[in-house]
Structures are given as structure tokens and as C-alpha cells.
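Please build the complex by placing chains E and Z on the supplied structure of chain F, with the hints as guidance.
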Amino acid sequence: MKYQPVIGLEVHVELKTKSKMFCGCSADYFGTEPNTHVCPVCLGLPGALPVPNRQAIDWCRMIGLALNCQLASFSKFDRKNYFYPDLPKGYQISQYDIPFCDKGEIILSSDKKIGITRVHMEEDTAKLMHQLGISNFHFPKETTFPISNKEKYSLIDFNRSGVPLVEIVTEPDFENSQEVVEYLKKLQQIVRYLDVSNADMEKGDMRLEPNISVREISNLKSQISNELPKYKVEVKNINSFRFVEKAINYEIQRQGELLDKGKTPIQETRGYDEVHNRTVSQRTKEEAQDYRYFPEPDIPPIRISESQISNLKSQIPELPTEKKNRFIKDYGLREDQAFQLVETRKIADFFEEAVKIGKKFGIEATAIANIMINKRVDWSRMLPAELVEAIVKSKREDLPAMELENIISEIIKKEGSAVTNYKRGKSGSMEFLVGKVMAQTKGKGNPNQIRQKIIEKLGEKS
Amino acid sequence: MAKFDIRHTAKLANLGLSSEEEEKISRELEEILSYVNKLNEVDPDLIGVEPTSHITGLENVTRPDETSPSLTQTEVLQNSKNTHNGMFKVPAILEDL
Amino acid sequence: MDLIKLTISEAKKGLKKKEFSARELTENYLERIKKLNPQLNAFITVCEKEALESADHADKLILQGETWEAQPLLGIPFSMKDVYSTKNIRTTAGSKILENYLPPYNASVYQKLIDSGAILLGKTNCDAWGHGSSTENSDFGPTKNPWNLDYVPGGSSGGSAAVLAADMTIFEIGEDTGGSIRLPSAFCATVGLKVTYGRVSRYGAISYASSLDSMGPMGKNVSDVAEILSVIAGSDSHDATSSPRPVEDYSSSLNQDIKGLKIGIPSEFFSKGLNSEIKDAINKALQIFKEKGAEIVDISLPHTEDGIATYYLIASSETSSNLARYDGIRFGNDREYFGQEAKKRIMLGTYALSSGYYDQYYLKAQKVRSLIKNDFEKAFNKCEVILAPVSPIPPFKLGEKIADPLQMYLVDVYTVLINLAGIPSLALPCGFSKAGLPIGMQIIGPQFSEKSLLNVGYQYEQATDWQKMKPEL
Chain F
977 MKYQPVIGLE VHVELKTKSK MFCGCSADYF GTEPNTHVCP VCLGLPGALP
1027 VPNRQAIDWC RMIGLALNCQ LASFSKFDRK NYFYPDLPKG YQISQYDIPF
1077 CDKGEIILSS DKKIGITRVH MEEDTAKLMH QLGISNFHFP KETTFPISNK
1127 EKYSLIDFNR SGVPLVEIVT EPDFENSQEV VEYLKKLQQI VRYLDVSNAD
1177 MEKGDMRLEP NISVREISNL KSQISNELPK YKVEVKNINS FRFVEKAINY
1227 EIQRQGELLD KGKTPIQETR GYDEVHNRTV SQRTKEEAQD YRYFPEPDIP
1277 PIRISESQIS NLKSQIPELP TEKKNRFIKD YGLREDQAFQ LVETRKIADF
1327 FEEAVKIGKK FGIEATAIAN IMINKRVDWS RMLPAELVEA IVKSKREDLP
1377 AMELENIISE IIKKEGSAVT NYKRGKSGSM EFLVGKVMAQ TKGKGNPNQI
1427 RQKIIEKLGE KS
Chain E
310 MAKFDIRHTA KLANLGLSSE EEEKISRELE EILSYVNKLN EVDPDLIGVE
360 PTSHITGLEN VTRPDETSPS LTQTEVLQNS KNTHNGMFKV PAILEDL
Chain Z
7 MDLIKLTISE AKKGLKKKEF SARELTENYL ERIKKLNPQL NAFITVCEKE
57 ALESADHADK LILQGETWEA QPLLGIPFSM KDVYSTKNIR TTAGSKILEN
107 YLPPYNASVY QKLIDSGAIL LGKTNCDAWG HGSSTENSDF GPTKNPWNLD
157 YVPGGSSGGS AAVLAADMTI FEIGEDTGGS IRLPSAFCAT VGLKVTYGRV
207 SRYGAISYAS SLDSMGPMGK NVSDVAEILS VIAGSDSHDA TSSPRPVEDY
257 SSSLNQDIKG LKIGIPSEFF SKGLNSEIKD AINKALQIFK EKGAEIVDIS
307 LPHTEDGIAT YYLIASSETS SNLARYDGIR FGNDREYFGQ EAKKRIMLGT
357 YALSSGYYDQ YYLKAQKVRS LIKNDFEKAF NKCEVILAPV SPIPPFKLGE
407 KIADPLQMYL VDVYTVLINL AGIPSLALPC GFSKAGLPIG MQIIGPQFSE
457 KSLLNVGYQY EQATDWQKMK PEL
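Top line first, the protein sequences correspond to chains F, E and Z. FYI, the numbering for the first sequence is 977 to 1438, going by this note's numbering. FYI, the numbering for the second sequence is 310 to 406, going by this note's numbering. FYI, the numbering for the third sequence is 7 to 479, going by this note's numbering.
If we strip away everything but chain F, and leave its shape as in the complex, we get:
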């Protein structure tokens, strides 16, 4: 390989708060009638003012904490000024120089650290819908719709305008698309564990913007080895892990080919065309964007105390990596087993509940893990207790008759006083004997059947 890719990533995660970021409109816009979850604030009407949603701010900070970020004790909102029809105020309320969180990391399975530059809070834009056939280019973030005449226009629905968005920005630490995808899966898993976003790609809850450049390997060995390439190409608004992988691979190849020809790729924003699996130039940055950030005068600054930070930390559940490690340690699972069982909180909780119940019946955690992973039983429709019962039942059926006979004989021999007590009419002694047999069979066998067999055996002897 002649070139080493240098990849960074911006991810927008939509929070699942009840109300929007700066007003009381419902934040649940998916599938709603257009322009029905809209008020003066999120429509940008003259005179309307924003008041921030404290739940969204806390959730943004929790994401930061889960990514091992530092929390800013003093922070603020800023205005990012630019014009676009989906931006009602002509500025987006975002955060500029003091994000709520910065300096975090995610560790990949290879132990490679991906640095998190910052995690900040902002508001979503409205949704644009474009007439089909204007161009071959598919704007993935948006929807297209067919119309019969040739008039070209776009339509705007403000239901999404002002929905809380958390932006997570990484350092340019990725070297290939696989690392990016692994990072994304981890990030998705974390926000779902925190229960702050559905992180549903289909619904646009997570939007991905990789920036890609490549540098020559030969340069790496020379003195300028840590210098980043002088350009980067941003690919905007990708809504699937598969497409982000394809877009990155396409860009690495495209930029490599340009460099082969002695050309330097230009700094620009591109879009991913999923139909043709390629990226398409959207706008070149001949003059850099000038967002004229300044502190949002309508929202007083935001401060957090140490005790509030501790309180937020205490609200963070056990995260996938810690949980996986604990499963390995506490339940003797293999790495791959534990990895699969912590995929979601629901799966992990189900597993632990089943282990707890299984213990009473002498069922090993590994046995439960195997059943769940191999999906021999459709446990997704069961309660943990039902899964355990199914395991117990299947084990009973598995016990060979001869083996059971032997165990019963042995117990009768060993527990002479219980046998005597039973014969004197103490019915509790029979249950004691059944229990002893079950313990020996490690839960296998049907208790009623065992009881019957013991009675039969004792009858033979007397």
C-alpha cells in the first residue's frame, strides 16, 4: 500500500427527548403530518426566543462521560450563522469554543484508541424534500417524491426543526473504513445503553460525516511523518454504516488515483451517491465557510458543579465494555460469548436474570449463554424463567434411564436414615431424597418420575 488514509468522523445523534431543544413542541416527528409539531420558536418567527431543554443538556453530558470526556464546568451556546432554507433563523444554535464535553476516547477491539475531540449540543434543521429527476444525485438525508409536471422545487417541513442533536467529533485517528464501522457500532451501542437515543439509522437518528484524506507512506518515515495532509474531503450526511464504509473506500481509491497522477485532491464537500456507489462533489471550498460564531445572547451561560457531575456519573449504567469484562470474569464466558450477550442491555439483562434463576436448578451460566447464542430456543419471546424451564426440561429428557437407576440406588444406600423416616410415614423425607438425586443429576430428570422410581425401588426392597 502506497498511501495511508487519514480519517476523522463527525456523528450527529438525535436525542429521544419528549420535547425539542429550545421549545415545547414534540420532538417525535417521524411519520407525522408536516408542519404540525411547530411553534414560533422552531419556525423562527419574529420575536420568538429559545429556552434550552435541561434533559437534553444532561444527556449530551452523559454521552460525553460515557466516552471518557472532560465536562466543561462553564459552557455556553453560540450562534452559527449561515443561510439555507432548512435553517429557519438563519443561524443554528450550537456550541463553538466551549463544548459541554471534550477530550474523550473510544477503544477499539484492537486496543487502538480513537480520540474524541468534542461532544456538543445543537439543534436539528427542518426536512427538505426534493422533486425527483432534478439530478441523478441522491441526497441521502432527504426523501424524494415523484411529481408529474416538470416544475422544479423543494418542500420544507419544520417538524424536525429544533430537535436536539448531539455532535460527536473524533480526531483523524482512523486508518480504514473497518475501524470507522467498529467505532460507529460501539458508539451506537453506547447511546442505546444510555437510553438517550434510539440511534435508528433508518429513521435518521444517526447521521455520519467522514472526512478523508490520504498521505504517502514514504512521507511517514521522513521527518514530517505526523503532519496531516493539507486538504480533507468531507462526505456529508450518510445514513448507514454500509454506505459510510463504501464512501470511505471509494474516496481512498479516488484520492490515491489522483495522487498517482501527481495531482492533489481539492478540499471540498462531497455527497454519497448510493445508487452508483460513488461520491459526488457538492461544493468546493474556494472560500472557507465563515459561520461568524458569537455567543448566543438569548441564552445565559451554562455551568455545572462537581457534585452535579458526580450525580450524572451515578446515572450512567454499566456500559458494554465493562459489562462484557464482568461477564467473562463472573460467569466464565469466552470473550466472543460475552461480546454477543452485551449487544443490547435487553439481551444482557435477560441473560443475567436467567443465570440467577438457573442457579436454583443447578444450571451453569455457560449453558444459558450457549443456548442464547446458538438460538436453539427462540428465547426472544420468552421470560428468563421460561428459558430456564426449557433448559431444565431438555436436560431431563437427556438423562439415560440406566444412569438414573444407578444414582437412585446409590442415594438410597447413602441416605439410610431418610429412607427409614420415609417408611415411618414422614413424607418430607421423600422430597429430601428426590432433591439429593436431582443434585446428583445436576438437575436432569423429572422430579415426579424420580419420586416414582424411588418409591418403586423401596418397594422392591421391603
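Careful, some of the hints might be misleading.
Okay, derived cross-link-like pairs now, EDC-like style, lysine to aspartate or glutamate, Cα gap no bigger than 16 Å in a straight line [said to hold, decoys possible]:
id, chain 1, residue 1, chain 2, residue 2
1, Z, K350, E, E339
2, E, K390, Z, E274
3, F, K992, E, E375
4, Z, K350, E, D354
5, Z, K93, E, E384
6, Z, K350, E, E331
7, E, K320, F, E1127
8, Z, K379, E, E331
9, Z, K18, Z, E75
10, Z, K379, E, E332
11, E, K390, Z, E105
12, E, K320, E, E331
13, E, K320, Z, E75
14, F, K978, F, E1151
15, F, K994, E, D374
16, F, K1208, F, E1407
17, Z, K102, Z, D410
18, F, K1222, F, E1151
19, Z, K407, E, E332
20, Z, K388, Z, D304
21, Z, K350, E, D374
22, F, K1305, F, E1294
23, Z, K350, E, E332
24, E, K398, F, E1127
25, Z, K388, Z, E406
26, Z, K24, Z, E72
27, F, K1299, F, E1329
28, E, K333, Z, E311
29, E, K347, Z, D365
30, E, K398, Z, D340
31, Z, K350, E, D314
32, Z, K457, Z, D263
33, E, K347, Z, E75
34, F, K1299, F, E1311
35, Z, K350, E, E337
36, Z, K350, E, E330
According to the in silico footprint, chain F covers these stretches of chain Z (three or more CB under 8 Å from chain F) [claimed, not checked]:
id, segment
37, 65-78
38, 106-117
39, 131-141
40, 245-254
Just so you know, these hints were derived from the structure itself, not from any lab. The beta-carbon is built from N, C-alpha and C at its ideal position, and this holds for glycine as well.
Frame of chain F, contents of chains E and Z only:
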């Protein structure tokens, strides 16, 4: 002082200015800018001075995550000149990309 | 009885005694507006139908025994600067961009006023977006000064002061970003209060410069202003910058002795550039305060001269962002419709915030703002209130300064500092020039000192007759 770049600024401000307006506004803004440059005289007093972007001293003014009624679709659209199927209609945007 | 000359308390007394109905009162004002507005151009919109409906409703409530304790302004006609959103009543901010805009919601101040029973007569003229000191920048034509139709009424709330001076309303709600309530009050011999930033909600008032905009009452005398403030002040869950401090009863404390009150006189305000007739008028006012036992203290506001530059940088930067929403998509006309002054301020602000210039202009202005704030804090260690002129010059003629924007900006030299510091200031008449044009002064106090300012103003007003003078129309 560098000459005021009126075209670039107008583009950032999304204002279409006629050439007369460009000429007039340039002239007036250059006069105003040279007036506001008098603030440079205050520079020695500004060492260690924090900027004031909020005068109230308020902090952490937030709202609970509760919903409140939205406007009706009719109210949302009532001031627009161009709507279609409950949405705002604008000239095709993709062509700019 | 001449119904149009009434103050709020006189009108309430008459309504209580059933000497006249709210409808009669309202009709008298609507007639007066019809008669005078063609000359003065002080109203942009008159809502006759809605006003008469509200008046009939008020009369019904009065008949049913509704009290003024529950609705303190029941049956009282008023008007507002056309920057307050009024549901389904045209709201223009003085700009052709919004010439057909019908807000689907109410500004918090307006909601409070109608909840307290007041009757909106109409929306008054102003410089578009508050950009101006003469109301000549209104896209709906300039308002004339009722004292002399060749002169400007001040701005940007020029229509507000003009309708008060011309008895076309009982009270007004103005808006002051750099002097927009106080300058017109001074130019038209009416009373206007620029409140502490955060004392009155900004929600629904069309923003000029968010960190400076202050809503405030305007009236024919100090006690009316106090009464309106009691209704409109207070925190608002829709405005994150509104203050949670409890609202005081501003009316009941207007008769406090001012013996021993320390009144500060900022030397910088009385140096070069102050018109001698204004200087004399202020000195006479000082004499009255001295007679009442006040003590005069010399103070200094060293950054007075930096006020205008600081103000224009901050206000223009914020307005360039606040006016970005006017794109003609969701409401209003497109950006071509901005007037010259708006375009100029948008350009100045865009430039001051742009990459490479932010530190030199916007950030520096915010730092100077801190110095100005400190100046006032130091001054208020030596005195309780500051007495100052509102404007360095008396009212000027229409067209006289419109060609020289910098000269126009300098009219606000004594008022912008107060907005930068976020403190309150009460403007009230203190004399007339030889040419028969009003002269005003301002009484400035620390944050949330409205109660004391109103008392000091009231004491002065009781000793003078300026508020009783009326223009001949």
C-alpha cells in the same frame, strides 16, 4: 485599515446590493469603521478584561423536558406566499449543489 | 369632559363611576387618531374593529362587577410600538418586509396587557427594526413631532411618543435598544422608562439587538408609567434572560421623601457638544432636587466617549444575525425589501463578526462593554441615581441628519451607555427650548432600581408643570 470588501460581506449577509448601494454603503461603512477604530485607544485598559455577552448574571436557565401545544398547520403556513401539501415551497435547492 | 386628556387613574375613576363607558373612551381615541394620523403618521396600523370589540367586552365585565383589582387596566385604551407580536393583527417592525405579516401568537407583554383588560388601539410607527433615532427610517414614512410638524419625534419609538403627546392614546409600550424610548420621550415631552435588562420579557418583541433590547412603558406622567410597569414586569418562562426577581409595587411608593438622596452628575456628559439650552434646563432641574434636599455629587463615567462605537458594533453584529431569518420563505417579503439603514447595519455587523475581524471589532466591543459596566458600578458607590441629559441636542428637523449617519448616531451618545450596562433609566420632560421644542432629562439607577427612579421622577414632576403642557394640533 484594509479596504472594506463589500462583495464578500454582502455574500455572507445574503444581501443582493445594487452597484449604487454598494458604492453608498461602502462609503458610509468606511466612515463608521474609521470612527469605531477609536476603540483602539482603549486597548491598554482592556488587558485582562473579560468580554460581556450577558449583562444579567443569570446562569443555567433551562426548561424541563415537557411538551406544550404547537401551532396548527394552518397557522404555521398562514404567512407564506408559497405552500404545497402542508409544506413550504421553495425553488429547487439541489441544483445549487 | 375631554376624554382624550385622561391619565390612566383618571380614566379608571370615570369608568368606575360610570361617567363614560369603555366604548365611549375607545371611540374618542379612534376619532382623535382618524383626525390627527394623516398629519403625524404615528400609527402604522389602527385596529378599530378589535378595539371596539374589546371595549364592549370590557363594558360587559364592568357591568358584571369585574374589579380593577383583578384586571388593573380594564377598559383602558393603549397602543404599542409596532415591534410587539399581536396575534392576527399586522406586525411590521416598521419594515416593508413584514408589511402583510400576521403573527400567529402574542408577545408576552401584549398578553399581560390584554389579560389585565387593556384595549389595543393600534400599532405605532418606528424606525424599521429599531434602526434609527428619528423615525425617518420607517418604511412607512416618517412620523412628525406633534410640537412642530417640521421636526422629528426622535426614534426609534417615535410613533409611541408622538401619539402620547398628541393625546391619541392613554399609554404606550415602547422598546429601547440604545435610547429608543428615551429620545422620543425627550423630543415629545412625554415620560418613558427603559427598564433593567431582563425586568420585562422580550418574548414576541421583534429583536433588534438581543443583548440590549429593553421593553418599557411610556406615558403622559410618571404614575401612569409606574402602573404599567407593575403589569408588564416579571419573569417569563419563554425568555431565558428575564429576571426571576419578584416584581415590586411601583405605584404605591411614589411619594417618598428624597431628602439626602445622592444625585450623581457625570462630568463627561456636560462637556463639549451639549447644547446650552439643554444644559440650562438640567441645571434648573438640579436646583429643584436641591430644594427638595437632594445632595449633588460629581461623578465620572470615563468611557462615555467609547459608548457609540461599542454600541454600534454590538448592536449591528446582533442585528445581522437577528435579521437573517427574513428570507421570505415562511413569512414576509424577501431580503430585497430591507431598507438602506437595515442593509447598512447588517453589513456592518456581518463584517464585525467575520473571520479575521471578530477580535478587532465584536470582541473588543464586548470588552469595552465590561469597562462601561464597571464605570457605572463605581459611580453608584458614590450616588444613588445619576441625572443626565437624554440627548446632546434638541429635536432636529426632518431630513436634517439623514444624510450624515455618523451625526445621527451621535445623538444617542448619552443613552447607549445605559443599554450597554443593562441598567434602568427614566426619561421625563424638563423644559422647552426657545423654539418651543421639548427638552428631556434621564434619571439613571443601578440594576432593578425602577422603584426608586420612578419615585425621584415623581418628586420632580410634582414640582413642575411640564407634563401638563400640550402641543397645539
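Against the structure, the hints come out as follows:
no.	hint	result
1	Z:K350 with E:E339	11 Å, holds
2	E:K390 with Z:E274	52 Å, violated
3	F:K992 with E:E375	12 Å, holds
4	Z:K350 with E:D354	30 Å, violated
5	Z:K93 with E:E384	10 Å, holds
6	Z:K350 with E:E331	10 Å, holds
7	E:K320 with F:E1127	27 Å, violated
8	Z:K379 with E:E331	36 Å, violated
9	Z:K18 with Z:E75	11 Å, holds
10	Z:K379 with E:E332	37 Å, violated
11	E:K390 with Z:E105	13 Å, holds
12	E:K320 with E:E331	12 Å, holds
13	E:K320 with Z:E75	55 Å, violated
14	F:K978 with F:E1151	13 Å, holds
15	F:K994 with E:D374	6 Å, holds
16	F:K1208 with F:E1407	75 Å, violated
17	Z:K102 with Z:D410	23 Å, violated
18	F:K1222 with F:E1151	14 Å, holds
19	Z:K407 with E:E332	20 Å, violated
20	Z:K388 with Z:D304	9 Å, holds
21	Z:K350 with E:D374	40 Å, violated
22	F:K1305 with F:E1294	15 Å, holds
23	Z:K350 with E:E332	11 Å, holds
24	E:K398 with F:E1127	12 Å, holds
25	Z:K388 with Z:E406	39 Å, violated
26	Z:K24 with Z:E72	13 Å, holds
27	F:K1299 with F:E1329	14 Å, holds
28	E:K333 with Z:E311	27 Å, violated
29	E:K347 with Z:D365	15 Å, holds
30	E:K398 with Z:D340	14 Å, holds
31	Z:K350 with E:D314	13 Å, holds
32	Z:K457 with Z:D263	13 Å, holds
33	E:K347 with Z:E75	53 Å, violated
34	F:K1299 with F:E1311	11 Å, holds
35	Z:K350 with E:E337	8 Å, holds
36	Z:K350 with E:E330	9 Å, holds
37	65-78	violated (count 0)
38	106-117	holds (count 5)
39	131-141	violated (count 0)
40	245-254	holds (count 3)
Checked against the numbered hints given earlier, this structure breaks hints 2, 4, 7, 8, 10, 13, 16, 17, 19, 21, 25, 28, 33, 37 and 39; the rest are met.
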